[in-house]
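Number of protein chains: 2
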Amino acid sequence: MMLTTTTTDQYPSRAGRSAEFLPRHDPVVYGSADAKTASGLTAPQLEAYERDGFLILPEVFSQAEIDCFLRDATRLLGSEDIKRSGEVITEPGSGDVRSIFRVHAASPLFSRLVRDPRLVNIAGDLLDDEVYIHQSRLNYKPGFRGKEFYWHSDFETWHVEDGMPRMRALSMSITLTANTPDNGPLMLIPGSHKSFAVCTGETPANHFKTSLKKQEYGVPTDETLAELAQRGGIVSAVSQPGSVIVFDCNTMHGSNSNITPSPRSNVFVVYNAMSNRVTEPFCNQAPRPEYICSREKIETIKPEKTDLMGYRALLK
Amino acid sequence: MMLTTTTTDQYPSRAGRSAEFLPRHDPVVYGSADAKTASGLTAPQLEAYERDGFLILPEVFSQAEIDCFLRDATRLLGSEDIKRSGEVITEPGSGDVRSIFRVHAASPLFSRLVRDPRLVNIAGDLLDDEVYIHQSRLNYKPGFRGKEFYWHSDFETWHVEDGMPRMRALSMSITLTANTPDNGPLMLIPGSHKSFAVCTGETPANHFKTSLKKQEYGVPTDETLAELAQRGGIVSAVSQPGSVIVFDCNTMHGSNSNITPSPRSNVFVVYNAMSNRVTEPFCNQAPRPEYICSREKIETIKPEKTDLMGYRALLK
Chain A
261 MMLTTTTTDQ
271 YPSRAGRSAE
281 FLPRHDPVVY
291 GSADAKTASG
301 LTAPQLEAYE
311 RDGFLILPEV
321 FSQAEIDCFL
331 RDATRLLGSE
341 DIKRSGEVIT
351 EPGSGDVRSI
361 FRVHAASPLF
371 SRLVRDPRLV
381 NIAGDLLDDE
391 VYIHQSRLNY
401 KPGFRGKEFY
411 WHSDFETWHV
421 EDGMPRMRAL
431 SMSITLTANT
441 PDNGPLMLIP
451 GSHKSFAVCT
461 GETPANHFKT
471 SLKKQEYGVP
481 TDETLAELAQ
491 RGGIVSAVSQ
501 PGSVIVFDCN
511 TMHGSNSNIT
521 PSPRSNVFVV
531 YNAMSNRVTE
541 PFCNQAPRPE
551 YICSREKIET
561 IKPEKTDLMG
571 YRALLK
Chain B
261 MMLTTTTTDQ
271 YPSRAGRSAE
281 FLPRHDPVVY
291 GSADAKTASG
301 LTAPQLEAYE
311 RDGFLILPEV
321 FSQAEIDCFL
331 RDATRLLGSE
341 DIKRSGEVIT
351 EPGSGDVRSI
361 FRVHAASPLF
371 SRLVRDPRLV
381 NIAGDLLDDE
391 VYIHQSRLNY
401 KPGFRGKEFY
411 WHSDFETWHV
421 EDGMPRMRAL
431 SMSITLTANT
441 PDNGPLMLIP
451 GSHKSFAVCT
461 GETPANHFKT
471 SLKKQEYGVP
481 TDETLAELAQ
491 RGGIVSAVSQ
501 PGSVIVFDCN
511 TMHGSNSNIT
521 PSPRSNVFVV
531 YNAMSNRVTE
541 PFCNQAPRPE
551 YICSREKIET
561 IKPEKTDLMG
571 YRALLK
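Just so you know, the sequences run in chain order A and B. Counting in my numbering, the first sequence tops out at residue 576, every number present. Counting in my numbering, the second sequence tops out at residue 576, every number present.
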């Protein structure tokens, strides 16, 4: 199936290209700094996000709230309905569910969580636009046999495979368990978001069926990674439950395997600017399914204040 | 091939057994404390080794010495003779050499290194006996695609597959590159050496051909590991080049994968007490080859003082 792209490709990648760095054409923090009041992010935090491409915010949610989220997460991970929906990633051997996509549509609690002002207002302030959920998922990385996830820029995939035009999206990882130095925490390369690392290789048909377990295309070369790490170093997002790791769509990140007994769970939410809705993919492949990339079902996410009692009331 | 074991099995494992902890019948630090003068280990260090099952000793070798070792290591890793010897572990895809066994016999420099008093005297003091090299290897764990190595007690394998009778051996890892929190450093479980974790499963014929790349038998159960980690925690042996990590043969250890650009290299030397020489394996399999387990070629290792100039003179 050949699709013609109608938008100019600002960030060409794959399709036989050589590895190189292209300049970022887009802001990191959108809009004027003095208009950012809703989120409560301080000027130094905004500067750090602009410079590093991420922020690690501790104690955004209380342990009691996290306990609520974990209870709902455990229920969803064990649900046969969810497994049957196919909007999941399962373990090859056991069939155990490791990720649930569109988690914001999978339960009333997680539907409310993505609307929590503590999250939405950060997205609104940084992107200076109304926002919608490009993708969401609940991730469960088990102890003992947690797999590594290789370095990648989410934007590279979202651009090439989903047709996201510009860098005006961000991810939030709400940590449900502790990220220790030993249990394969998220690693980020500060400053890597400032240039676009063109990837070599092609985009196979139905790439998403394998790439979500182990990415082989859309990954940077060794030389690209060595240069980025040389420039910016590597930061492990070591954090307690209830933290939120906010990172720009183009920040290079990955994680090592986890042989420790401590599992890692998080809720992963991608906010995209309404003005940056996806077009046709920038590759000659059919778009990925709706559960991985919102294309038809676009809904503006408005802040909706919720507290512990509110979340408890939403538990099934 | 069926072999009959003639020695009583103090530490039975595998062969259809259930997971359980057996008491350690052997000392950790052998001999009387006041007789330990050769190594220069202090009383608190001896106590820590007895309690935790390991010691991380910084700055044992100078950076100039490590540069010598690295130069010899690089030569050996690229040697066609070494690759042809078959006493290596290679990468499945590329055929690149990842480990060289009997490295103490592979070059004059490494032959001298295992005799360095800074190492041998520690082994002599802790084991209170003359010592020989049970196994040695040069390990190169590349960046980007360094594989994890799952939790195991070396003694469990040396006992079952090599016929090492008692816990009177120790390993030293001489670090040639930095072990950072992010590049898959050696992780150890303090106190795990105090009990013997019986492993389930069998011992397949020629197990060493696969176990040295990825161990599937002789690994503890999830419950065993969870209990050990619960009791003792997990320590990452974060260290600079020139450090020596000394650990008891029964200390549970492993490492996560390494997707960072920083490779990890070390020289790994196992000193065994002369009184603890291997017998027939405690399983119904043929012994592993001589290059993995010294059985015929037993030579007492005597201290031989060497300094930077001495090592430089041994470079090829």
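Hint data in this document are derived by calculation from the structure and do not stem from the laboratory. The reader is advised that the hints may include incorrect statements.
A few chain B residues that face chain A, going by a derived Cβ cut-off under 10 Å, partial list only [said to hold, decoys possible]:
#, residue
1, THR268
2, ALA295
3, PHE404
4, GLY406
5, PHE409
6, THR440
7, LEU485
8, VAL498
9, GLN500
10, ASN518
11, SER522
Derived EDC-like pairs (lysine to aspartate or glutamate); straight-line CA-CA distance at most 20 Å [claimed, not checked]:
#, chain 1, residue 1, chain 2, residue 2
12, A, LYS407, B, GLU550
13, B, LYS407, A, ASP356
14, B, LYS407, B, GLU487
15, A, LYS407, B, ASP286
Quantities reported herein were computed from a predicted structural model and do not represent experimental measurements. Glycine included, each C-beta is placed from N, C-alpha and C at the ideal position.
Violations among the numbered hints, reported as their numbers in ascending order: Violated: hints 1, 2, 9, 12, 13, 14, 15.
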